[in-house]
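Required output: the full structure, derived from the provided sequences and hints.
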Amino acid sequence: MVQPAPRQSRYNPTYKGTPDYDMTSPLEPGRWPYPCRGYGKGGVVETIKAGSNIPVKIGGGAPHDGGHCQFALSYDDKTFVVLKDVFDDCLIASRDYSVTIPAGAPSGRATFAWAWINKTGNREYYMNCADIEIQGGSSGSLTGPKLLVANLPGYVTIPEFSHGGYSGKDLFPKRPTVKVTGNGSSETKPEPSKPTVAPKPTPSTKPMPSAKPTATPKPEPSKKPAKPSKPGNKSGECSGFETKCVNPGKSRDFKVCTNGHEYTQRCAPGTVCRGGINQVRCDY
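So the sequence shown is numbered by my numbering: it starts at 1 and just counts up by one.
Please note that the accuracy of each hint is not assured.
The calculated DSS-like cross-link candidates involving lysine-lysine, where the alpha carbons are at most 25 Å apart (straight line), are [said to hold, decoys possible]: (1) Lys179 to Lys78; (2) Lys84 to Lys179; (3) Lys41 to Lys78; (4) Lys244 to Lys174; (5) Lys169 to Lys255; (6) Lys78 to Lys49; (7) Lys84 to Lys49; (8) Lys174 to Lys84; (9) Lys174 to Lys78; (10) Lys41 to Lys179; (11) Lys41 to Lys84; (12) Lys57 to Lys41; (13) Lys78 to Lys57; (14) Lys255 to Lys244; (15) Lys16 to Lys41; (16) Lys57 to Lys169; (17) Lys169 to Lys84; (18) Lys57 to Lys84; (19) Lys244 to Lys179; (20) Lys174 to Lys255; (21) Lys169 to Lys78; (22) Lys244 to Lys169; (23) Lys255 to Lys49; (24) Lys179 to Lys169.
Derived CB-CB ranges, DEER-like [to be verified]: (25) Gly249 to Thr18: 21 to 27 Å; (26) Arg31 to Gln279: 16 to 22 Å; (27) Lys84 to Gly40: 21 to 27 Å; (28) Asp22 to Gln135: 30 to 36 Å; (29) Thr47 to Lys169: 43 to 49 Å; (30) Thr188 to Gly61: 19 to 25 Å.
Don't read these hints as lab results, they were simulated from the structure.
In this text, a Cβ means the ideal position worked out from N, Cα and C, and glycines have one as well.
Right, here's the structure in full:
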């Protein structure tokens, strides 16, 4: 991100130290950790009126065929409320975006963040944060979707999706709702009990696209029925964030574990699932 100028960026007029010349590199645990590459609050680089738009310019080199971008706001650098999503072609369709700061956003200093999940290449997560000041807003709170983090240890891995395979877009509607206030406090509301995607088990003769959500089917009499509210494997439950091929190199199917539920997804026709745990990719 070039505008608003990120923390420790060479474009940041308030930062007087040695700039981060690797600002275009992805987050990396121990070096540039989540959130904000590990950089704390700095000087305000832009003042914006609540209800107006903030212009955002993305720089850098390789666009990795695009991907998903999220633009978010935080007051404590811990909980980020997403203001805008751009799916699939972020950095390809444009590198200039306009993001509305809600009229009800709390006034005062805030952190504006840009996050990017690249479509191709190593599975990475990019994030820059800028210090802004919001004027003319409220003294209350701001509520919205929680920032989705991916491709980092402890978080879900979204495989490459350049060939029309699984893109992780189903994860975005499931983001929990969070509330942040100008004093830095935050609150997370429970996630919906009914997942938005409940794919059927793969039939032996008739492939089914994974992009369309379907009702949970009746279990076969010979098998122990699964709990209908938790689709996925037999129990529908899992722990942590994990992706893995069902039959690496031979099958199109792979499992995605997120928010305690496991879902079966499928690579695009003509491709198969390859790679180990959390290294899933759809390839020929």
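Q. Can the restraint linking Lys174 and Lys84 be considered satisfied, given a maximum Cα separation of 25 Å?
A. Holds, at roughly 15 Å.
Q: Starting from Lys41, check that the Cα of Lys179 is at most 25 Å away, please.
A: 20 Å, holds
Q.
Does the beta carbon distance between Gly249 and Thr18 stay inside 21 to 27 Å, or does it fall outside?
A. 46 Å, violated
Q.
Given the hinted pair Lys169 and Lys84, is their Cα-Cα distance within 25 Å?
A. With a Cα-Cα distance of about 14 Å, the restraint between Lys169 and Lys84 holds, given a limit of 25 Å.
Q: For the pair we were handed, Lys174 and Lys78, check the Cα-Cα distance against 25 Å.
A: 19 Å, holds
Q: Compare the distance between the alpha carbons of Lys57 and Lys169 with 25 Å, and conclude whether the hinted pair is satisfied.
A: 23 Å, holds
(Q) Just to be careful, I want the Cα atoms of Lys179 and Lys78 compared with a cutoff of 25 Å; is the pair within it? (A) 12 Å, holds
Q. Is the distance from the Cβ of Thr188 to the Cβ of Gly61 consistent with 19 to 25 Å?
A. 36 Å, violated
Q.
So if I understand the rule, the pair passes when the alpha-carbon distance is 25 Å or less; does Lys169 with Lys255 pass?
A. Roughly 15 Å between the alpha carbons, so the hint for Lys169 and Lys255 holds.
Q | Proposed proximity, Lys84 with Lys57 (alpha carbon, max 25 Å) | A | With Cα atoms ~14 Å apart, Lys57 and Lys84 stay inside 25 Å; holds.
**Q.** Distance restraint between Lys84 and Lys179, which requires alpha-carbon spacing of 25 Å or less
**A.** With Cα atoms ~16 Å apart, Lys84 and Lys179 stay inside 25 Å; holds.
Q. Is 21 to 27 Å right for how far apart the beta carbons of Lys84 and Gly40 are?
A. 25 Å, holds
Against the hints set out earlier in the document, violations occur for numbers 19, 23, 25, 29, 30.
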